[in-house]
Every structure is written in C-alpha cells, then in structure tokens.
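Using the hints provided, position chain A relative to the given structure of chain R.
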Amino acid sequence: MKLVMAIIKPFKLDEVRQALTELGLQGMTVTEVKGYGRQKGHTEIYRGAEYAVNFLPKIKIEVVVPTKMVDKAVEAIVAAAKTGQIGDGKIFVVPVEQTVRIRTGETNESAL
Amino acid sequence: MTLAKYLRGAVAALAALLIAKLDPALAQEAAAEAAKPTIDSGDTAWMLTSTALVLMMTVPGLALFYGGMVRKKNVLSIIMQCFATTCIVTVAWMVIGYSWAFTDGGGMQSYLGGMSQFMLKGMTIDSTNALAATIPESVFMTFQMTFAIITPALIVGAFADRMKFSALVLFITLWVLIVYAPIAHWVWGGGFLGGAGVLDFAGGTVVHINAGIAGLVTAVYLGKRAGYGTENMAPHNLVYSLAGAALLWVGWFGFNAGSAVAAGGRAGMAMAVTQIATATAALAWMFAEWLVHRKPSVLGIISGAVAGLVAITPASGFVGPAGALWIGAAAGVGCFFAATTVKRAIGYDDSLDVFGVHGVGGIIGAILTGVFAVEAIGGAKGALEGNVGQIWTQIEGIAATVIWSGLATFVILVVVNILTGVRVSQPVEIEGLDINLHGEVVP
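From first to last, the protein sequence lines are chains R and A.
Residue numbering for the first sequence follows the numbering used here, starting at 1 and increasing by one per position.
Residue numbering for the second sequence follows the numbering used here, starting at 1 and increasing by one per position.
With the rest of the complex left out, here is chain R:
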C-alpha cells in the first residue's frame, strides 16, 4: 500500500476526484492548505499598501492505494491537475505499513 499525497490548484480538485474515482478508488481525504514552491507568492495592494503574500492557497489530497495501482493513480492526478502553468503542484508517494477499517476491523488492502 502506498499513500499518494498530491498538492494541487484548488480549482482542479473536482477533475482530480473524478479521475481517481474512474480508476475505481473509493474515498480520499482533502485539506485546504497554504504553501509555496517555485511559484512563490503574489502581491496585494490595499489603499497603496503593498503586501507580499508568500503562501498561496492549495488543496492537499491524500489517498491510500494498493501498490499495483500507484502508477495509474499518479498518472491520473497529473493528467487531471496539469495546466502547464507554474504552481500546478506536486505529488509525493510514501509507503504505508497498515490499514484498518474501524467499523469492521478489516485490515490492509481489504480495508481500502
């Protein structure tokens, strides 16, 4: 099992969700986050006072998938979240040791 963690542009969330659902993945966790990479921030001006905003709003998606599905999941996210503009985000894949479905006590892949 792997945890696929993707940081994407907020308005791309629905396309990514749809792409992952089409792969047969059930469920994901989504968080509103702030951060920056190469895109850096932007500048806001209020009555002449300029503020550099370093952290931009992004969406973090976390989904745990069976190891054999990882490549497809990553490809699907890249395809759906890509605009080609700076600030499209990043994907991290990390191993997962154990999964438990609380309601039934099922473990690992059968709990996904």
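For the record, the hints were derived by calculation from the structure and aren't laboratory data.
Here the structure is a predicted model, which is why all the values come from computation and not from measurement.
Hints are not guaranteed to be accurate.
To be verified - With a cut-off of at most 27 Å between alpha-carbon atoms, the simulated DSSO-like pairs for lysine-lysine come out as follows:
hint, chain 1, residue 1, chain 2, residue 2
1, R, K34, A, K73
2, A, K121, R, K9
3, A, K295, R, K60
4, A, K295, R, K9
Said to hold, decoys possible - Which chain R residues stay away from chain A? Per the calculated CB distances, all over 12 Å, these:
hint, residue
5, I7
6, K9
7, R17
8, V30
9, E44
10, I45
11, Y46
12, R47
13, G48
14, A52
15, K68
16, V93
17, V94
18, R101
No residue lacks a Cβ here, since even glycine has one placed at the ideal position from N, Cα and C.
For chain A alone, kept in the frame of chain R given last:
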C-alpha cells in the same frame, strides 16, 4: 407650504384680536393657539425616517465597513467599539450633550449652549426647538443624537487594533461632550461660526473634519501598530466593507437630505447632489487607483464613495448637480492621494484612513461649498456667483474646528492615558484584541 403655515398663524392671530373685543377668556385661548408652534406631519414623518437612517449608518453600516478592513483577530473589537459608542453617546447626549449643543448659552452663546435642558428637561410632546420649528423637539433631539453618535464612531478607525477598551469608553464620553457638542453649537446652535456665515449643511465641518483631525491626533498619539510596514495587515473580508459602505450610502440620505429638517425641495436637491457626488467620487478614486496601482479595487471604489459622501455633506442643500459633480471628482482624487501617497510619505499609522477620507474629504467639501454654493438653492452665494469671500469664511470654519478638535482631543488623550492607559500591551496587540479584551473570537 411655508406660506400656508404663515397664513395659518396670521389667521389665528387675527382671530385672537377679534375675539379679544368680544370675550377676554376666549381671546387668551386663541392667543395660546397662535403662539403654539405648528407641527408639520410631512416634515415630522421625513425626520423620523432620517433619524433611523442616520443611526443605521453607524450600526451596522460603519461597524461593517470598518470590521471588514481590520484583521480577523480584531474584528470583534472594532464592531464592539462602534456599538458601544452608539450607546455611550446616547446617554451622554440625553444627560447634557443636547443642551450644550442646541440651547441658548446666554453670555456664552457664541461658544456653548446652556444647562437649561439638562436631562432633557422641558422636552415634552408639544415642545419644539426654534432651529426646527415644524417637527417635535423629541425628533430633532434624536436626529441630532444620531449625528453625535457617528462622529466619535468614525474616529475609532484611526486607532483600530491597539486601543484599550476601558480607554475607549472614557475617551468617547469626554470627546462627545468636550469636542463635539461645542463645535455643533458653533455651527448649528447659534454659535460664532454659524453667525460668521460658515456654510455647513449637514456636518462637513462639525462631523467629518472634526472626526478626521481627532483621528489623526489619536493615531499619532498612540503610535503605529506593531508590525506596521512589515507585517501583512490586509483587510480580512472586503465583502463586509462593501455591505457597510452601501449602508452608509443609503443612510447618508437621512444625513444630508434630513439636514433640511423639512420634507421639501431643499431636501430633494440635497438627496440628488449626494447621489451624484458619491458616484463621481467612487469612479474618480477607482480610475486614479487603476492608473497608479494598475488595478481597480473593491476597497478603492468603496473608499471613493465614502470620500464623496463626506465632501458633499457640507455642500448638499447649497449646491446644484454640476457643483456636486466637481466636488465628487475632487474628493475622489484628493482622498485617494491623501490616503495612499501622502500618508506613506508622512509616515503616520491612521489604520483605516479616518483623516485621509474624512478629514481631507471634509476640508475639500467645506472649501468647495464656498465655491459652488447657489443662492437659488440655499440662499447663499459662492465664489462662482461672485461671493469670493465665502471661501475665506469657509476656511475660518475649518481652522476653528481643526484647532479645537486637535487641542481638545490631545488633552483628553493625555487625561485618559493617566487614568487607564490608552494602548494595549504588545503581547495583547499581537495575539489580537478580540480574545484578550472581549474573550471572544471569530473562528
């Protein structure tokens, strides 16, 4: 309308004379009838409405306008300050403020009203104030009370994010009695500025220059906010500010057209010029900002609208539509530069630009009233009709207000600082006033 009132009075007086020949007792009754002021139901209805509109300007109008502009950690503190100011001034005005502003001061009449209406003594359902003879005194008193409320409420924008609440309570109480009531008396209550011919229809001098100067003095006295110039102090929700500005705009019809204290042609003209000047100033600020900072902003267009409302305040009731257009344009551009370029060049931290918008807008409006006043509208000629001296009279009004407001505000701040301290501690300021002063937060 007015003619009819005079005729009614004259007929009653004549009848009293005739009856006097026949029956002395009846004559007395008729004479009393003639002396009794004539309440006009149309005027009264409009002034009841105006009073409600002006109250709406402060709560919720100004509270939302300011609330949206501060950071989220201080939003409750500033709307609390607006609401508490409304309550404090109401009581102060009832106790002595109204009497000091709007009654005869005897030997002191040029500078201050008297004590005769302490605790609103003598205000009955039949009484009127000579300044507004066709409406009940209760309505006039409450209408003026709403002006006394919004003036100190405007100041809180200058010291937003850093004043102690205990200091605010003391400051507002002293300020409305020591600064507002006398200046209202000078201009409207029979004092020396009104006597000198200063034109201030709805309070450009009394309300806006006064609040603007007091704001500047308080902002300088308290010092800059912690992190000013380095930290992000962007408004936390401009949707609130826009709703607040819109409520101010609508409420301002009560402020300006209501200042005719009658439902007539002058009120109508005041309403029309208010609308024209406001929209023009909003556009002027928007275009100026678009040129200078490359983007037309929501905060810019609503700030421009308020600047226009401020500038047309003294002029409404005196100028026509063309004058309103020029006043709006001048206020939009003038206040834009005051609140952006000039403020940064001088380096004071007037958090929400009370001076830049209300002080500067009020001064622009007061001077231009002396330029654009039309005799056929308000009975006073401006410079364009050949009365160049009116500009100097206007400047006299500005100067007197700036001096008294500036000095008295400073002295009040010193006294309050000795009694309670005026500024919160730095940890409180950094964590936010809401949680520390009021024990509440907006999540």
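Original post:
Looking back at the numbered hints, which does the structure fail to meet, lowest number first?
Top reply: Hints 2, 3, 9, 10, 11, 12, 13 and 14 are the ones this structure does not satisfy, whereas the remaining hints hold.
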